[in-house]
Structure formats: structure tokens, C-alpha cells
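S.K.: Okay, here's what each chain looks like letter by letter:
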Amino acid sequence: MRNLRLFALTIAVLAGLFGVQFVISGYPVLALTRILILAVFAMGYNVLMGYTGLVSLGHALFFAAGLYGAGLAAYYGGVALPIAFAAGIAAAAVLSLVVGLLALRTQTVSFMIVTLMFAQAGYLATLHFSAITGGDQGLSLPAHARSFSLLGQEIALTSATARYNIALAVFAVVLLALYALTQGPRGRLFAAVRENPERTRMLGYDVGRIRLLAFTVSGTISGVAGALYGLMFGFIGSSFAEFRSSVEVLLFTLVGGPGTLFGPLVGTTVMTLLIDRLSGLTSAYLIAVGVLLIVLTLWFPKGILGTIRDRWAPWLR
Amino acid sequence: MAEVTLLQTRGLTRRFGGLTAVDRVDFTLMQGEIRAIIGPNGAGKSTFVGLLSGRIAPDAGTVLFDGQDITRLPAHRRVRLGIAYTFQITNIYPAMTVRENLAVAAQSRLAHEAEIAAAAQEAAIAVGLEDRLPDRAGALSYGHQRLLEVAMGLALHPKLLILDEPTQGLSDDEIDNFLTVVRRVAQTATVLLIEHNMDVVMALATAITVLDRGRILAEGPPEAIARDPAVQDAYLGSAT
Ligand SMILES: Nc1ncnc2c1ncn2[C@@H]1O[C@H](COP(=O)(O)OP(=O)(O)O)[C@@H](O)[C@H]1O
Ligand SMILES: [Mg+2]
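Top line first, the protein sequences correspond to chains A and B. Residue numbering for the first sequence follows the working numbering, beginning at 32 and increasing consecutively. Residue numbering for the second sequence follows the working numbering, beginning at 216 and increasing consecutively.
One thing to keep in mind: the hints can contain errors.
Said to hold, decoys possible - Computed, partial: chain B to chain A, Cβ under 10 Å:
#: 1; residue: ALA299
#: 2; residue: TYR300
#: 3; residue: THR301
#: 4; residue: TYR308
#: 5; residue: ALA320
#: 6; residue: ALA326
#: 7; residue: GLU434
#: 8; residue: PRO437
As the list claims (entries may be wrong) - Simulated restraints, written as ranges between beta carbons of each label pair:
#: 9; chain 1: B; residue 1: GLN303; chain 2: A; residue 2: GLY311; range: 54 to 62 Å
#: 10; chain 1: A; residue 1: GLY321; chain 2: B; residue 2: ILE340; range: 45 to 53 Å
#: 11; chain 1: A; residue 1: ARG36; chain 2: B; residue 2: ARG230; range: 50 to 58 Å
#: 12; chain 1: A; residue 1: PHE38; chain 2: B; residue 2: ASP414; range: 47 to 55 Å
#: 13; chain 1: A; residue 1: GLY57; chain 2: B; residue 2: ASP350; range: 49 to 57 Å
#: 14; chain 1: B; residue 1: GLY353; chain 2: A; residue 2: THR192; range: 45 to 53 Å
#: 15; chain 1: B; residue 1: GLN303; chain 2: A; residue 2: VAL110; range: 56 to 64 Å
#: 16; chain 1: B; residue 1: HIS327; chain 2: A; residue 2: ARG136; range: 30 to 38 Å
#: 17; chain 1: B; residue 1: GLY353; chain 2: A; residue 2: GLN168; range: 49 to 57 Å
#: 18; chain 1: B; residue 1: ASP346; chain 2: A; residue 2: LEU181; range: 24 to 32 Å
#: 19; chain 1: B; residue 1: ASP350; chain 2: A; residue 2: ALA315; range: 44 to 52 Å
#: 20; chain 1: A; residue 1: ALA315; chain 2: B; residue 2: ALA329; range: 53 to 61 Å
#: 21; chain 1: B; residue 1: HIS327; chain 2: A; residue 2: ALA208; range: 36 to 44 Å
These are calculated hints, taken from the structure and not from any lab test. All residues carry an ideal CB built from backbone N, CA and C; glycine is no exception.
Kindly generate the complete structure, drawing on both the sequences and the hints.
M.R.: What follows is the structure in C-alpha cells.
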């Protein structure tokens with residue numbers, strides 16, 4: 032029961048994203064690079080929230096784990112960037128497994144609160160250990176951490192084109208991996224747990240383990256985004272660990288369509304463009320976001336792609 | 216055929232506060248039986264099968280299944296051992312298609328998508344739902360939803376299929392179809408059936424257990440149970 036139309040769309044979107052760099056230049060390339068990285072964050076969040084039905088308010092923690100894991104390894108360890116990248120992902124994977132084991136003892140509102148508390152603890156830790164992390168001033172990665180060699184070729188991250196293509200490559204890998212995960216038997220189990228946990232248990236499944244798997248995959252992919260963000264732009268700071276990041280990724284997913292493969296990309300694109308405008312217009316940005324969240328939850332809970340899926344294209348999932 | 220014990224309980228007990236819903240029940244089920252459990256509302260029937268499936272934890276006693284002590288085994292592991300359970304209140308995935316509902320069940324014992332799809336199809340055919348495979352389960356009629364739930368049990372290829380009041384709310388035609396389905400299932404699985412409709416019980420059961428206030432009041436072949444004055448007193452007389 033593979034989803035061929037969705038696979039075709041996946042390939043088409045990747046081809047389009049690759050081709051677009053020959054059409055645009057300047058600021059849009061930078062904006063699109065950021066969108067792709069944040070979309071990876073939202074795709075990770077979507078595994079847990081959209082596909083498995085667990086709303087976390089603490090995913091900034093896993094983004095930050097990737098960011099700091101990679102950034103600190105590059106800054107202090109002086110390791111090559113691919114190794115720093117791997118270190119960030121590993122940090123997020125371990126942290127999400129541990130937090131998942133603890134937080135999944137709770138459900139619904141308590142789960143939201145517990146994940147929020149873990150994330151706040153992480154945020155405060157980045158401030159508390161400011162001697163190492165640079166606190167809210169952050170750390171700019173040194174020159175040696177702004178380039179790396181790949182297959183004998185030197186790649187400079189000061190080049191916008193290099194950054195865009197690296198972001199696109201990581202985005203593509205995550206997208207294809209999530210296609211395989213969500214459109215196959217595993218994705219069906221995630222949906223089963225989301226739709227009816229008790230029925231799923233009585234069909235022979237360890238619901239707790241399925242949730243833990245989703246949580247760990249979700250946190251790890253969020254960490255991929257964080258590690259990539261820190262290394263691409265050469266800066267790590269505690270603002271990424273703030274509650275605001277957790278809310279934004281929820282918002283991106285919700286706008287685009289939870290439980291759809293492309294919802295996070297659509298939501299991230301729409302919202303980052305909107306936020307750029309919003310934060311120019313109003314200083315009460317977080318209030319605007321809060322109001323938007325309430326409106327969406329009440330009247331538009333399926334998001335853009337979720338609505339399209341339910342009306343016209345059931346394969347869009 | 217040699218008689219093989221499939222399931223046995225000893226002293227099985229479950230209390231809810233001051234109420235003992237299942238009270239020191241010793242119960243034996245042979246392989247290949249269609250056993251009906253009857254008894255008035257609140258007798259403890261659902262609680263008893265809940266203890267067998269592992270949905271409810273016992274306060275005392277043991278459950279043996281297929282020669283193994285499963286008293287402490289979590290519910291999902293019991294399903295893997297071959298105990299399938301359908302709920303008294305219809306419990307499916309309403310937002311998913313019939314095919315997906317059955318695939319989730321089949322996937323519990325199969326790894327490959329092609330096998331899963333074939334098993335889903337087979338289970339749908341077994342209950343006569345093969346034309347509804349692409350439909351949303353929540354859009355099915357109540358009777359079809361009950362059949363879907365039975366089919367999900369079948370897709371597990373269980374050794375023991377537990378059905379809690381499966382014909383409740385079904386029309387006469389649907390009940391006839393259901394009798395055919397259960398008879399077919401019984402060729403490969405043991406069936407334990409909680410049932411209020413005495414026509415269904417008499418048509419299907421190879422033996423009957425009567426529960427009353429958490430205890431076994433009587434047990435035996437259908438004809439003997441129907442004639443038992445204590446049973447008539449406690450249950451049949453007051454049955455609607
Ligand atoms: N979760 C529960 N909490 C408290 N009491 C319960 C619970 N489940 C069942 N009971 C009580 O246990 C008794 C047996 O219930 P049940 O097993 O559902 O009976 P039956 O299925 O024979 O109608 C009833 O008195 C019922 O009220
Ligand atoms: Mg009952």
C-alpha cells in the first residue's frame with residue numbers, strides 16, 4: 032500500500048527546490064535556506080504531533096541539543112564539521128530517548144506541561160552555563176568551523192549557494208526517510224496509536240514503545256535541524272532554546288497540516304514569510320502568534336494540506 | 216480428537232472497591248469449543264474476559280493459556296500468544312479505511328506489506344465486508360462496524376477469539392450472517408462468547424457457563440443449562 036502519488040510529488044518538490052536556485056539570488060536564497068532547515072525541524076515535530084498525536088511544548092530542547100551538540104563540538108573540540116554535525120544529532124537522539132522515557136508516563140495536558148518543563152530546564156541550563164555556551168550573547172563559530180572538505184573538495188559555508196545545497200541535501204534525506212517511515216507499516220502504527228491507543232494495544236502492540244519510537248525519531252530530526260542551523264549560520268545562542276521555538280514549530284506544523292508529509296514545509300514557508308512581516312509590524316509578536324494558534328486550533332485544526340487532503344486528495348498524508 | 220485444555224483459571228478474583236466483580240472463578244476451556252458465557256447484567260462477564268485478555272489486572276488467582284502462566288503478562292503480549300479480544304462497545308479506527316483497520320490487525324503477526332494486504336482482504340471476505348475495503352470505517356453501519364471488529368480479531372489468526380456481546384444491536388439478518396461467520400471461525404479457533412440473545416447461544420454454543428454475582432452458577436451442555444432450575448431462576452426467567 033505504498034503511496035505512489037505522494038512519492039512522485041516528493042521527487043517533483045525536490046527537483047523544483049534544486050532548480051529554483053538558478054532562478055533566484057540574493058536574500059531569497061538565504062530565506063529559502065532558513066525555511067528548509069526550519070522545515071526539517073517541523074518535519075521532526077510532525078512525526079510526534081501529526082502522525083502519532085502527541086502534542087509536545089518542548090521541542091526547542093531537541094533543536095537546541097542539536098545546535099549546541101554540533102556548535103560546541105566545533106567551537107571547543109575543533110572537529111571537522113561533518114563530525115560536529117553527527118555529534119549534534121547524537122546529542123539530540125540521546126536526550127530525546129531519555130526525555131521520552133520520562134515524559135511519556137504522562138498524557139495530553141500533563142504531557143504538554145512536562146515537555147515544556149524539560150525544555151525550560153534546558154533553556155535555563157544554556158543561560159546558567161554561559162561561561163561555556165555564551166548564554167544569550169551566544170557564540171560565533173571561528174573561521175576554521177566555516178568550511179570543510181568533502182571528497183577532497185573544500186566547501187565554504189560563507190557561500191550562500193553552498194549553504195543552500197547542503198540544507199537542501201539534508202532536507203531531501205529527511206524527507207525521503209520520513210516518506211519511507213510514514214507511508215509504510217510503521218506509519219500505520221503511528222496513526223493507529225493516535226486514533227485509538229486502547230484498540231491498538233488489544234491488537235498486540237506495545238503502545239508505549241511505539242510512542243517512544245516516535246518521540247525519539249521526532250526529537251532526533253529536530254536535532255538534525257538544530258545542528259544544521261548552528262553550523263550553516265555559524266552561530267549558537269540560547270534564544271533557540273526558548274519557549275518561542277517550541278511554539279513556532281507547533282504553529283508551523285499546525286498551519287501546514289499535521290500528519291501530512293508536506294504540511295511542515297508548507298506551514299514553515301507560509302509562517303516564516305508572515306512572521307517576517309509581523310515582527311516588522313508589531314512588537315507584540317508573541318500575542319499575535321498566540322491568537323493565531325487559538326484560531327487555528329478552533330476553526331482550522333487540519334491546516335492547509337490536511338484540509339486539501341480531506342476534501343480532494345486522500346493520498347496527501 | 217484428544218481433549219486439549221486451551222485456557223484455565225484458578226481462583227481468579229477481581230474487586231472494584233467493596234464489590235467483588237469476579238469471585239474465585241475456576242474455569243476451563245477446551246480447544247475447539249464455542250463457549251457461551253451468560254448471566255444477568257453486572258454478573259461480571261465483561262470483567263472476567265477482561266482478566267483473560269489482560270485488559271484488567273486480577274487481585275488474586277492465575278490464568279493459564281496454552282500451558283503457560285500468563286497471569287502477569289501484559290495485554291499486548293497475550294494477543295501475540297493468540298488471544299484476540301473484541302470490545303463490548305464497538306472499538307475500531309473510525310477515521311481509517313476498512314482496509315487500514317484490518318491491516319493494523321494483520322500487521323501484528325506479519326511483516327511484509329503484500330502479506331498484510333492479502334490477510335486484510337482475507338479477513339474482510341470472511342465476514343462479507345470485501346466490498347467495503349476502501350470505505351472509511353466510521354461511515355459503516357453499526358452492524359458492519361461490529362463485523363469489522365470481528366474481522367480484525369480474525370486477521371490476528373487467534374487461537375482464542377473472545378467476543379463480548381457481539382450481536383447486541385444487530386438486525387435478524389445480520390445475526391444470521393454472524394452465526395455463519397462464527398461457525399467458520401470455530402473451525403480454526405476456540406471461541407469464547409458473551410451473549411444475551413439465547414437463540415444465538417443455543418445455535419452456536421457447544422457448552423455454556425452461567426455467571427452470577429461473580430461466581431459460576433452452572434456449567435454444561437446447552438440443553439442441560441436450559442433445563443437447570445437454578446439457572447432459570449437466576450437468569451433465564453428475568454431475561455428480556
Ligand atoms: N472499572 C470498574 N470500576 C468499578 N466497577 C466496575 C468496573 N467495571 C465493572 N464494574 C462493576 O463490576 C460488576 C461487573 O461488571 P461487568 O463485568 O461489566 O458485568 P457484565 O459484563 O456481566 O454486565 C458491575 O457491578 C459493574 O458495575
Ligand atoms: Mg458486559
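S.K.: Confirm or reject each hint.
M.R.: Now for the hints, and whether the structure bears them out:
no., hint, in the structure
1, ALA299, "holds, 8 Å"
2, TYR300, "holds, 5 Å"
3, THR301, "holds, 8 Å"
4, TYR308, "holds, 5 Å"
5, ALA320, "holds, 5 Å"
6, ALA326, "holds, 8 Å"
7, GLU434, "violated, 27 Å"
8, PRO437, "violated, 29 Å"
9, B:GLN303 <-> A:GLY311: 54 to 62 Å, "holds, 58 Å"
10, A:GLY321 <-> B:ILE340: 45 to 53 Å, "holds, 52 Å"
11, A:ARG36 <-> B:ARG230: 50 to 58 Å, "holds, 55 Å"
12, A:PHE38 <-> B:ASP414: 47 to 55 Å, "holds, 52 Å"
13, A:GLY57 <-> B:ASP350: 49 to 57 Å, "holds, 51 Å"
14, B:GLY353 <-> A:THR192: 45 to 53 Å, "holds, 50 Å"
15, B:GLN303 <-> A:VAL110: 56 to 64 Å, "holds, 60 Å"
16, B:HIS327 <-> A:ARG136: 30 to 38 Å, "holds, 34 Å"
17, B:GLY353 <-> A:GLN168: 49 to 57 Å, "holds, 54 Å"
18, B:ASP346 <-> A:LEU181: 24 to 32 Å, "violated, 55 Å"
19, B:ASP350 <-> A:ALA315: 44 to 52 Å, "holds, 48 Å"
20, A:ALA315 <-> B:ALA329: 53 to 61 Å, "holds, 55 Å"
21, B:HIS327 <-> A:ALA208: 36 to 44 Å, "violated, 20 Å"
Comparing the model with each earlier hint shows violations of hints 7, 8, 18, 21; every other hint is respected.
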